[in-house]
Structure formats: structure tokens, C-alpha cells
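Visitor: This is what each chain is made of:
Number of protein chains: 2
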Amino acid sequence: MTEAEPKPAAAPVRPAYDITGLKSRLAGIKTEDNPALVKQKSRDFYWYSPTLKRQLDHVVGDIIVSPTSEQEVIETLGAAFELGIPVTPRGTGTGNYGQAMPLSGGIVLDLSGMNRVKAVQPGRFVAEAGAVIAEIDKVARPQNQEIRMHPSTYATASVGGFIAGGSGGIGSITWGGLRDAGNVIRLKVVTMEEEPRVLELSGDDLARVTHAYGTNGIITEVEMPLGPAYRWVDLFLGFDTFERAAAFANELGEQDGIAKKNIAVVAAPAPRTYFLRHQDYIAEDQHVVIAIIADFAVDAALNLARRAGAELLLRSDKVPEEERKKLPPGFELTWNHTTLRALRVDPAITYLQVLYPFPDQVKLATALHERFGEEVMGHLEFVRFDGKVTCFGLPLVRFTTEERLEEIMRIHEDLGAPIFNPHRYTLEEGGMKQTDEVQLAFKREADPKGLLNPGKMIAWEDPDYDYRSGKTFLFKSLAAAGVSP
Amino acid sequence: MTEAEPKPAAAPVRPAYDITGLKSRLAGIKTEDNPALVKQKSRDFYWYSPTLKRQLDHVVGDIIVSPTSEQEVIETLGAAFELGIPVTPRGTGTGNYGQAMPLSGGIVLDLSGMNRVKAVQPGRFVAEAGAVIAEIDKVARPQNQEIRMHPSTYATASVGGFIAGGSGGIGSITWGGLRDAGNVIRLKVVTMEEEPRVLELSGDDLARVTHAYGTNGIITEVEMPLGPAYRWVDLFLGFDTFERAAAFANELGEQDGIAKKNIAVVAAPAPRTYFLRHQDYIAEDQHVVIAIIADFAVDAALNLARRAGAELLLRSDKVPEEERKKLPPGFELTWNHTTLRALRVDPAITYLQVLYPFPDQVKLATALHERFGEEVMGHLEFVRFDGKVTCFGLPLVRFTTEERLEEIMRIHEDLGAPIFNPHRYTLEEGGMKQTDEVQLAFKREADPKGLLNPGKMIAWEDPDYDYRSGKTFLFKSLAAAGVSP
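Chains as they are written, first to last, in the numbering used here: chain U, 1 to 485; chain L, 486 to 970.
Among these hints, one or two may not hold up.
[Stated by the list, open to error] Residues from chain U shown here face chain L by an in silico Cβ test under 7 Å; the list is partial:
no.	residue
1	Pro122
2	Asn144
3	Ser202
4	Gly257
5	Ala300
6	Asp386
Source of the hints: derived by calculation from the structure; they are not laboratory data.
Here the structure is a predicted model, which is why all the values come from computation and not from measurement.
Glycine included, C-beta positions come from ideal geometry on N, C-alpha and C.
Just chain U, same shape as in the assembly (with noise of 0.2 Å):
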């Protein structure tokens, strides 16, 4: 830092919880404040984005509660609410935009050890909200079921977290997203008031928490249906065009009798560049379709992938043991990871969330992918979505200033491809979500005080902000602190 820059902002008043209150009432429940671990558990994968990244670098709870027992979270949420404490929910902290990090300081309510799986039956499981949703197939699978969606943070992520945070992912291209109706069961949710209640939740009043960080109530069981559990086969295929590319996965798409499980587009030279352990497989200058698909279904699959000019790269069935071990699982080159890889090897990447909509999706992504050039790196994964096959897509992007990467953004929605902002922390701006007069009243009941995971439903913070307005909302502890919109 030079002389001449300005000094930075105070560090902000923090409000001040009364933490040492808290600890005491919750003497059977495991807490931790230790400031190097509350810092740890007080953070996601925000820094995917650059706005974010400035935005919530400071962020910071004051106390780790890890509670095992829905017991332990009806205990935690009396005591905050009586101490007026903000309370952010969180499972592995695997989001991308903030969801689990606590804007006010106060709780982190860590609920990866509530992570019972408890029933496994045919078509259905109930878990704890922090089980980690590869733990869960684990006992699904000798029964030939497993999960039918699953983020690709599948290894890590818990399945109340996807629930809460997520939106869809590995398994859509059959069954949707988790907005739609079926894919989630039941969920039991804590509310936040002076005697906690304990909910169940189905049907239309799932919509009240799912993909509501937490703001609505703290989930800590869910009940949600299992697909067949198929051999599944990884399979790299390489085009000449991105366009090919994208034709080819959509068409895959629509073989309603291929059970597959997730078709990505990796736009050139993204798959070698990125794509470190499967570099030797890969040219330079191919568009890489990642298929998974069921492996009495691959040679369908690769009939298809011929006449449509595709080179096969890589089948993971035919891979040797030794050569196999070496390389991550597909899904795990596909949705957010995709993204991962490209940081990992480019720090200056980040990424957009576009859907394209049927039946336009080949051409408007190709348009797209052709306008930009390697600024915007084509990514497409394709989904059902209202019973037709589309795609989204989550492009990476050459980062150069957050003013461009709004005029990016700007230009995908003229064009006719919305925008899910990755680079905003409230629910509105996102964008999957707009928060009806239904959610509002259900936070009034649940959560009448607002202290759970403030700042994240601009409804509530500011019922009156103008969404038109082309600004960014800030929320007020953020304001404190210093952060620019």
C-alpha cells in the first residue's frame, strides 16, 4: 500500500452479543470461539466470485454452535432468540454465494454433525440435514437405490445445505430441479422464536425453505426420493465446433430411453487448459461433451456421438484400474467444479449462471459463446426444466473489471438468456427465487425477530427496494464495515 492511497475504513462496530450469556444456557452443546476456527466455519466458496469476494472478505461470526440433536437446535434457537443473537445456518459450507456466511456476526450454527442417515426404503430416505449426500448412498446402494440429484460437491455437501443453498445439479437432466414438485419429500424445520416449533413441511410449503439459506427456519431432517442406482459410465467426447458440441448434448438429451445422469459442454481450450489430470486425452482445440450415462446405455449413447461427428476420448469403463485412480469422477469436472478447475489453474476466472431457454438453447448459446470470444468460455449443462430439455450454462469468464462483467451479464439478458447473478448474496438477486407476500409472512411467523441469517432477503431487510433501480442492494453490516455496493 503507497502513501498516497486512502486509508481504510474503521473496523466496524461490531454488535455486541452477549456470547458469554449464551455459552452459559447452552452448557451441553458443543461450541467453539476460537477465532482462527469461527473465521474457517464463517466462510463458503464466495471467492468464486470477485464482487463477493470484496464484498464478504471481512466476514466473520462470533461463535461456532454445533448442535447433534434436533433437541440441541430447538435449545440453540431459544437462547439466540431470548439474547437477540443472528443465527446463519450451515452444513459443509460448500455455496457459492455466500449463503452460510453470518453478515451480522453472531451464531454459526454448524449442523454437519447432525448427520444421521435415518431410513433408507424403497423410493425414499430421511436424513439429518447435515448428512453428506455420498454417506447417504452409501447405504442406498446395496439396496440399488441412490440419491436422484445431487450437487457436484456430491463428496462434501450436505444434503440439507443442497437443499437450502442449491438448486439442482448432477441428476436434473432427469428429474428437474429441486423447485420442482417431488424431488424433495418433507422437510423438519426449527423455527426462530421464544419457544421454538418444530414444523413439517410438504407439497406447496416446501417452496417456504427450499433455496432460502436458512432465513426461513433452520432445516434439520429431510425426506427425499431415490433414483435407480445404474452402473454409471463416464464418457469424454471431443467436437470440432461448440456448436456440434451443444447440438450433440441436446440431443442426448432428449433420448428419453438413455438414463443418463448429467451432459456437460466444456467450450475449447477450457477442457485441456483446465482439465489438468485428463490433459492427455484431450486436444487443445476440442469442445468436450461429459456425458454419465447408465452403461447398458453407452453403446446407444456412443451410436448417436458417431453420427454426430464426435471423437471419444475417454470411457471411464474402459480406463485401466491403475490409470482410473488418477482421475477424478466426471460430475466432478461439470456444474460449480468446472468453475473450480479453471480458478485453479487461472485465479482471474470467475463465472455467470445463464439459463437458455427452450426451444432456442443450441442457438442462443452458440450465438453467445461466438460473441465473446475466450472471454466468456461456453459451459453449458443441460437440465429438464418444465418437462423440456434445455441448458443452463455457468461460462468462465476472464475477469477484467466488475463494471464489465456487468455489461457481460447485461448482454446475455438483451440477447434473451436471464441471468442467475452469481455475484449477489441475497435471494432476490439471484435470482431463482423472488420472495412472495406468502414467504414474508411465513418469516413474520417464523422468525419474527429476523435473526435468522440476516441480510440475505432484501424483503425483509428493505421491503421497500426498488429492483429496477439497476443498483446492487448493501445490506446495513456490510454498509458498517465499509463495503462499497
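We have chain U; now place chain L onto it with these hints.
Guide: For chain L alone, coordinates are given in the frame of chain U:
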């Protein structure tokens, strides 16, 4: 018969096959030539069609041969080839277009004794062609697996017959049709040659024998995928207009997260009039949606139904045990079981097979329903077709004359709804399949004498036949028997 009527045509000269020689060559194999039994095994449900009833009623084979192993099939085909005796394969005779009827007499090859379920593994099963579908599921269900699609004749149909003579059915709303890649994994087929060969077909080669009525080889073994064995619930939902019922069915079909097995729409007054066991649940003017939904998704489906203005008439999981025993399973009111139930009440009913192409399916089906009134009662079956949800129709027709039936079909086609004509016994006129040069070449190789199921493949019998003539193809053996086109 009055004096004035013309005399019936002379009994046709049956080709003189050497049945005695055949029996001596097949000494170790079960055969049956009792005329009553042979007649019984020479027919299927061709009588759903008044046209086919008129044309095929006299058709009968000379002998039933019932092999119990692939080796016995090979011996039978070898002997038949040597003696020039036609062979018409048959599973359990549940087809509707005379698929298994021996137009030139000869051998009815009854494969129902080849019924072993040879393997059930994660995601797939292997069974002999004559295995009854319900019996396969009895082996698969303890593993939380079941067959992914089946006809409404689930309880009696053989899996080989389904593949050779069917096209899809219950399950097609999720997995598409049998023609779709991935829905059949592998078939073993015996050729009709001096030295019959056993071929293993997979991938694109499957199209040579699926829905080919056994004209291209005898299927002896089947490998198909399995899906999740959810606990399925039958929902009967009443609507006050056909259009609302169809629109709801389409919307439910597009719910990617709701695991479903079938969605049918039956126009009033058919449900009340023809579903005799369900009459107490249905009002005369109610258009009914029959949806088969995974238990955990029933609430989600009913939320949707409520918003669509449906009345819940029946849900199978809430019917008292005593009452439920009296009700057929929901799928036995769908596809061609709808036709069967109507025929039992009113023998003058017949049906069509229609495709209402995406994306105009609801509008088109409604327009056709309204055009014909009760002469053609709407019956829709929703499916995935090329990746989109759309519907087939099997409307119930109050039959008057063959000419009017043709006219009704013409009107459908003129309005953009292709007909798969169920009043024809040939592959080509049924319209599910055009015989191309590849298939013809395969038949030349696999059945050089043309002894397999003669008369069903026009491209073989009459290569110069003009499909645009508007005339019905008449196979020579039927012409010889005095049948008119």
C-alpha cells in the same frame, strides 16, 4: 342366408405342408395339431378391429410347436426351412393386429414355454422371450427394481412379444417408446436358414427385429433395463371438460420431479359407461384422468390437480383393502385395456391410434374430440416422444362402416394428427415402421425363403407396392381365401 345372396367363395386350397415329416423331425419337441387348440393359438386380439375381424377370422395354422430352449428353436427352424413350412412366432397372443396370426398356415411357434428369467442385476434383466412381464417383476421387485415399460396386458404378455409386436405403453411417459435407444439392451435372434444361426443384436441393429412381428428372425432372449420399483398409486381425477383434463394431464406429464408411470385421459361418458368396477366413483359427465404416481409424489400431484379444478374421485392407497380387491389396477383401464372395457359393454366399439404432435397436442386432441362428439370418444395416453411430452390417442369409435372409419382417419391426418392404423395387419400400413433397404437386406439374409410370418412385410411380398394408391394391401393367401381388401 337367403337364396338371393351369392354363394360363399370355395374354401381356399391350403398349401400342402409336410406336417407328418415335420413331426418326425421334431420328435423330442412338444407339438400339437388338435384343430381346436391350433385354432385357439392362431389368433390374438385382432377382433378389436372390425376390418381385421372380417379379413383374418378364418386364419389358422397347421400345427403348434412349443420349444423350451434355444436349441429346440434352432431344430424347429431348420426342419421348417428344409420342408418349406412357414413359421409364425407367438408369445401369449396379446397383440391387436394379427401380429401372431399365421396368414399362410404352417407352424405357430409358441414361445410361451421359453419363460425363464435368467438374471436380474442392478439396472437390467435377462429373460427368455416367452417370460411373462409380471413374472419378471416378481424376481426384480425384491431388489427395488422393475421393468421400465410394459403394455396394459402386463399380467399375461410375454416380453419377447412386447418387443416384437408392441411399441410402448405404461412407463412411456418417463422412458419413451421401445423404438428409443436404450430401452432394449440386447436381443438373441435365431435365423431361418438351412443352418439357423444365433445372432446377438444391440445398438442400432436392434431396429431390425423390434416391432417386426418376427419377420426377421425369432427372438429367443431379451436383455432390458430396469427402473426404480416405486410404490405406485392410482389417482382418478374428474374434470368438467375434456380440454381441462387434457391440459392437466400434459402439465402433470411435464413435472420432471414427479415420478410417474402413466397418465391417461378418457372422455365422458366412457369412464362411467365402460369402467364397470369403478362406476360408483365416476359421474356420467366426468372426463377422467388416470395417473399412476409414486407414493411420495402423490401430494405434489394432488396440489397440481386441485389448482386445475379436478375432483379427486379415487386414490388407490386410501381405498379400504376389501374394496380394493374388487378393483383392477389402474393400468388395466389404460391403453388398449380402455378399448377392451368399452368392447365388453358395447361390441360395436372399435378404436384408432393417433399421434398428436408436440407442441399442439392439447389443442389438437381437443379439436378432434369436439369435432366428432360421441362417435369418437377421446382417449389420450401421454408419453415422452423425442424428448418432449406429448400424447398418443386411442379414441373409442362407435363403428358404423369401414368407409366411415377410413373417413374418420383421413380427417385426423388432414388436421395434422398422424394415424398408426390398427385396422391393418402389415408392418408398413400400421405405420409404426417403414421397411427400409437395410431391413430388407437383413431379411434376405436371415430368412431367404421368406418363411417367417408371411404376409406381414409388404416390402418383401410386393416390392413394387404403391403406398400412395390409397388401397389396402391384400396378401395373396387372404385373397385365395376370398377376403376382400
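Visitor: A separate judgement is required for each hint: does it hold in the structure or not?
Guide: For each hint, the structure was consulted:
1. Pro122: Status holds, d = 5 Å.
2. Asn144: Holds. Min distance 5 Å.
3. Ser202: 6 Å, holds
4. Gly257: Holds. Min distance 3 Å.
5. Ala300: 4 Å, holds
6. Asp386: This interface hint holds because 6 Å falls under the 7 Å limit.
Violated hints: none; the structure is consistent with every hint.
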